[in-house]
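Here is what each chain is made of, one letter per residue.
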Amino acid sequence: MMRVTLTMKPRSNPFLPIEAEQIIPENFIGSRQVMVYEGNKEHSLLNICVIRRDGNVNTPENVSLILRGDWSRVKRVGEYMSSGTIVVEGDIGMHCGNFMRAGKIEIRGNADAWLGREMRGGVIVCHGDAGDYCGSGYRGEKRGMRGGSIEVMGNVGEFAAEYLTGGSVAVHGNAGCFAGVEMRGGYLTIDGDAILPAANMVAGECVVKGRVLEMVPTFERVGEENGMIVYHGDIANRGKGRLIVRSTSRTE
Amino acid sequence: MMHDATIHPSALSDILIKNAYLVDPIQGISGERVDLCVSNGVIVDAVSEHAIVIDADGALTLAGGIDSHTHVCGTKVNFGRYMSPEDMRAGRTARRGVMYPTSGYTVPTTYGNSYRYSKMGYTTLLEGAMAPLEARHTHEEFAATPLQDMAANALFDGNWNLFEAAQQHDYRQAAAVIAWVLRAVKGFGVKLTNPGGSEAWGFGDDLASLDESVPHWDVTPREIIDTTIKANEYLDLPHSVHLHCNNLGMPGNYTTTLETMDIPSALNDRRQTLYMTHIQYHSYGGSTWRTFRSESLAIANAVHNHPHICVDMGQVMFGRTMTMTADGPMEFRLYTLHHNKWSNHDVELETGSGVIPVYYDRKNLVNSIMWAIGLEMALLIKNPWQCLLTTDNPNGAPFVKYPEIIALLMSAAYRDEQIATVHPSLGKRAPLPTLDRELSFEEIAVMTRAGQARALGLIEEGKGHLSLDAAADIAIYPIWPESMDPAAEYEDIISGFSQTLYTIKDGVIVCRDGKVVQKIENKTFWSDAYVPPQYDVEKNPRFVEMFDRFYSVQFRNYAVQDEYVRRGHPLVRTGKWDTEGGG
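From first to last, the protein sequence lines stand for chains A and B. Going by our numbering, the first residue of the first sequence is number 1, and it counts up by one from there. Going by our numbering, the first residue of the second sequence is number 1001, and it counts up by one from there.
Just chain A, with the same shape it has in the complex:
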């Protein structure tokens, strides 16, 4: 087991975004230099943070990256990650876990937008809130997250699990507008409230255990299951998905 602790150094302009797609466990085996962009300047990771390694291994499965300090402006951590673990002790910036294939990312604080976008496999757990487009596809992409799981303990922003195609997204708090919009498969569960969930869905299953504050009208009520109302739709899109809600503002 190898623990690599990355402690962010104080930055002269902490608002300047950093693009750090190379921060994945496989890049910390051996002595490969990891490069990041701060603004439009390319730097070695050593200029941005202090790196401490405990232990030595040859396989990325046994690498555990610990991100300490303020990482809330760092984008694309864990992009294309395929093994190992990343633990973020505070907040993380946008696009964390892009295209992730395997491994685990744990975020102890909040995540910014596009958490696990177009993810294919692996596990992401976020103990705080996640921003907009959690587990969705990027602009124009018709197939979003295809596998793996995302669990968010807090709330998520708008368009969570947009174009969800496979895998599962679980939100323990509330979701913003249009959670599960254009779903093509997979499972989305929201323990809190949601607004206009699953609009235009084609397939898959979306469960809202709190209140649905606004409901898309083009869903057909097909029955009840365990005290929850089951809908089929979205009929407007010839969809065959299932939307299961506890209560809605919709009057039948």
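In case anyone wonders, no lab produced these hints; they're calculated from the structure. Accuracy of the hints is not assured; some may be wrong.
With a straight-line Cα cutoff of 30 Å, these simulated DSSO-like cross-link-like pairs (lysine-lysine) come out [said to hold, decoys possible]:
(1) B:Lys1515 to A:Lys240
(2) B:Lys1576 to A:Lys41
(3) A:Lys41 to A:Lys209
Partial chain A-side listing against chain B, Cβ under 10 Å, derived [to be verified]:
(4) Asp70
(5) Gly137
(6) Tyr138
(7) Gly140
(8) Lys142
(9) Asn237
(10) Arg238
(11) Lys240
Heads up, the beta-carbon is just placed ideally off N, CA and C, and yes, glycines get one too.
With the hints as your guide, set chain B onto chain A.
Then chain B, alone, in the frame of chain A:
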């Protein structure tokens, strides 16, 4: 607009290309070693001893490539860009030297188009369809496509003034309208896209045959096509009418195509009288998608019997692309098949358009047949001057696939290899597997530059050939025809045509080994056709009244101002007004 191209004086020096293996069908040279001298942007007899010397060592040297039907600039191309942000993930290149950053694969940025065409040796492009009302934007994008000379066909398929003239079979009045619009919008030729059909689509309708009247107009596609061709030849425009036939993409549409071919008689001895674009999309048999089959034999036969007609392939290649056309109803039909994002657009009194992304799948029988038809057209039409190489970029495929198409045409072995990967029933629906013709370098040169130069009437402008005083647009490819067999070494053909050793535009080396090395400025060809004063539409009260009543722009604001076309190159035509007593 970009006006920052300052050519370094060293780039303007003379060039001597030694040992070029020249193939120049217009001069009748089908492959011989020559030395080419370039000075002041044109081909000359001799150069000074200070000239840059390029030793081609027998490398294939052709005139700069010409694309006679492509969609690279204008409002619908731009709509394709902003409706598909996912496309911008592909093809990203960073800023480097004189090159701007680019992105996009099916609808790249304007510089992306320009650089990639230049890398393939292309120096002249014809934008296939420009809505006259939206011409300003097209010309602005022309200015940002600097490595190619540009020209734009103006759309007339739903032009109300042209309808009026066609209704009365008055080709002189039609000629006056065409000449005025081309001058106003700096257009090059006349494009008819689904004539009458795009206008009918404004009323939710399409026209199924050549003899069906346009709603609210007593005029048929046949009359529109006939009148426009006569008007076009009366004005003696450099290019013929550029026709996208009715019923594009419908199973069984080949009968419409055959009927259309019978409309014009031969009216021009320099070039074709009718240019039928993306013929692949118009050569479909069967009556539904289930009985869909290729009718390339019938169409190719008809092309043989109509030597005054020229077609282009409109080849489909497998993979992701974007369809865009002024044919609104056809794009809607396509949307009902794909259920993907789509757009439709109506240009008042003139035309319409539609854009949708598609994916051509080699495991799909219909797509496989479409792929086969384009190749069949090129192989079955014996005269390469009558069938030019295009993909109707980006409708059939992005233009970067041209080298693969060239290899498919030059090598039966490569075709067999590809046929093995497509839908197994292809052979029952299309004759492609039985064809064994392999095109020569000369035929490819005709289909990619010489034929285009003749079809567009640009031979006199020095395009498409490398005779004395011709424009020094030269492409030197890393292909050595003296020591290779293109039928066997098709992979070298693909890589060779994908990237030139040198691309020279107007005597300046603009691209070397795939890297753009020089900023230059292009020019825009447009047609300045004479109309006698008594036919001047500006003095025609009916025309002005119609304009003021129906257009949302003022008559005086319609014409494209000169600052949009800084380097316009008018092709002046006097027409036949005097000789036929019309003046």
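These are the hints, each one checked on the structure:
| no. | hint | in the structure |
| --- | --- | --- |
| 1 | B:Lys1515 to A:Lys240 | violated (50 Å) |
| 2 | B:Lys1576 to A:Lys41 | violated (64 Å) |
| 3 | A:Lys41 to A:Lys209 | violated (46 Å) |
| 4 | Asp70 | violated (29 Å) |
| 5 | Gly137 | holds (8 Å) |
| 6 | Tyr138 | holds (7 Å) |
| 7 | Gly140 | holds (4 Å) |
| 8 | Lys142 | holds (7 Å) |
| 9 | Asn237 | holds (8 Å) |
| 10 | Arg238 | holds (8 Å) |
| 11 | Lys240 | violated (14 Å) |
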